[in-house]
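My request is simple: use the sequences and hints to build the entire structure.
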Amino acid sequence: MAKQRHWTFWCFSVLFTWVALLLIYGSKNTQFMLELYDQAATAMWNGSSPEGVVAMAYPPLLVASYIPFIDLSEYLQRISVLGAMACFLVFIFSTLQTMVVGKHSFKQNALFWILVGAIVGRNVVSPIENYSHDLLIGFFVVLAIRCWAKQKEGAGGVAMGIAAACKATPLLFLPFLLLQRRWKSGAVMAVVTVAAFLLPDILFPRADSSWAGYWFSVVTNSLHVTDGKNAVPHWSTWNQLNQSVSGTIERLFSFPEHPDKDAVDVRITTLTPDTISIIILFARAMILGAVCIAFLQPSKAPIVFRRFCEGALLVSAMLLLSPMSSKAHFFLLLLPAVVMVRTYIWEKRDWVLTIIFISMFVYGTLTVKDLIGRDAGHAVLATGSVTWCTLLAMLGTWRVMRLSKNMPQESSSVSS
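Every position in the sequence shown, counted from 1, becomes a number in this note's numbering once 168 is added.
These are computed hints drawn from the structure, not numbers from a lab. Keep in mind that the hints are not guaranteed to be accurate.
[To be verified] Dumping the calculated SDA-like pairs for lysine to any residue here, alpha-carbon to alpha-carbon at most 20 angstroms:
| hint | residue 1 | residue 2 |
| --- | --- | --- |
| 1 | K495 | L420 |
| 2 | K537 | S494 |
| 3 | K429 | K495 |
| 4 | K495 | K318 |
| 5 | K468 | S294 |
| 6 | K318 | A355 |
| 7 | K275 | W514 |
| 8 | K320 | V359 |
| 9 | K429 | A544 |
Structure representation (structure tokens):
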């Protein structure tokens with residue numbers, strides 16, 4: 169058991185991280201997400217109509233989480249949100265360091281985090297520079313996995329239930345909890361998800377309707393299930409910012425009649441909408457099938473490492489299967505990167521992982537617009553660079569889980 173650090177260490181860590189974030193991002197004009205959150209939270213607080221408020225595409229609980237900031241000025245909102253992000257980052261990275269990485273020399277730890285940064289660093293900083301909510305989701309997801317790793321099934325179910333109520337996509341964890349017959353976690357997660365999802369309607373009721381009902385109408389209309397007027401423009405079928413598997417398949421086999429100025433035609437060939445839908449369904453089925461096979465295979469790895477591998481596999485699938493996954497959502501690629509690099513450095517220099525690391529570095533990290541230019545960056549993004557890197561991370565995690573079957577117990581143990 170790792171020695172418990174004094175509370176002053178954690179206060180200093182948060183303060184240091186907060187100051188660093190303020191110096192790097194505090195003055196940059198990237199706070200447009202805060203404006204969207206502020207509009208939605210103000211509408212909820214006032215009980216006014218959500219019509220035309222773009223951020224109402226987020227579940228009600230996520231919108232309600234921003235209500236404490238609405239009376240602050242824009243600059244104070246930046247400071248406060250970066251402070252919250254500092255807390256999330258310290259928790260997430262300290263959890264991964266103590267429970268997955270373990271105790272090693274300073275040089276080994278430095279090498280580890282440099283390699284992690286090389287393959288997913290751009291994904292980690294994206295939600296920070298855009299003031300996105302994805303660190304909040306990452307916090308609850310990592311908290312849940314941490315609880316499950318410590319065999320606190322109920323607490324893990326609560327944390328993941330809150331994450332699902334804030335984002336919906338973490339619901340993917342629920343069927344796999346049931347598949348593993350972890351009934352307590354599954355039941356608690358289901359109950360907490362429903363209760364937390366409905367909580368804003370109890371605390372901030374609308375006279376004429378419900379926030380939950382409006383959110384469902386936005387989602388169904390945006391996914392073309394119905395033809396109502398409530399829809400999210402950015403959820404169009406062709407959007408190069410959408411790095412889910414469905415978004416990338418759309419771009420590879422179609423191009424809009426009236427594209428926006430940043431759209432880049434990367435079609436392999438042109439297919440009919442029905443054919444594209446079949447390909448998307450097949451791709452999603454393959455992803456789910458791979459996750460199911462990975463979960464059903466026995467593993468000799470200790471419970472702590474096994475739970476983080478399972479979590480890394482599921483967040484990768486979650487990002488791929490979502491109807492809309494923008495770049496900032498891929499912060500959670502940190503999880504598969506950590507389990508892959510840990511295995512590579514201290515267990516086995518596996519050739520499959522080597523290929524995955526090189527591919528993610530070249531196709532992901534080296535293709536940012538700051539390095540290759542705006543036009544080339546948009547073109548690479550349109551090909552689904554983040555999508556393919558996520559698929560590689562998912563396959564790499566699966567590879568780690570297979571390798572862990574042959575590792576002796578003491579070899580895979582980590583500090584907790």
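Structure-based check of each hint:
In summary, the hint linking K495 to L420 is supported, as the alpha carbons are separated by about 18 angstroms, within the 20 angstroms threshold. Of the pairs offered as hints, the one joining K537 and S494 holds, with about 16 angstroms between alpha carbons and a cut-off of 20 angstroms not exceeded. About 19 angstroms separates the Cα atoms of K429 and K495, which keeps this hinted pair within 20 angstroms; it holds. As the CA atoms of K495 and K318 are separated by approximately 31 angstroms, the hinted pair breaks the 20 angstroms bound.
About 35 angstroms separates the Cα atoms of K468 and S294, which puts this hinted pair outside 20 angstroms; it is violated. A C-alpha spacing of about 18 angstroms is found between K318 and A355, which places the hinted pair at or below 20 angstroms, so the restraint holds. A distance of roughly 13 angstroms separates the Cα atoms of K275 and W514; the hinted pair therefore holds under the 20 angstroms criterion. Taking the CA atoms of K320 and V359, the gap is about 17 angstroms. The hint holds against a cut of 20 angstroms.
Using a Cα cut-off of 20 angstroms, the hinted pair K429 and A544 holds, with the two alpha carbons roughly 14 angstroms apart.
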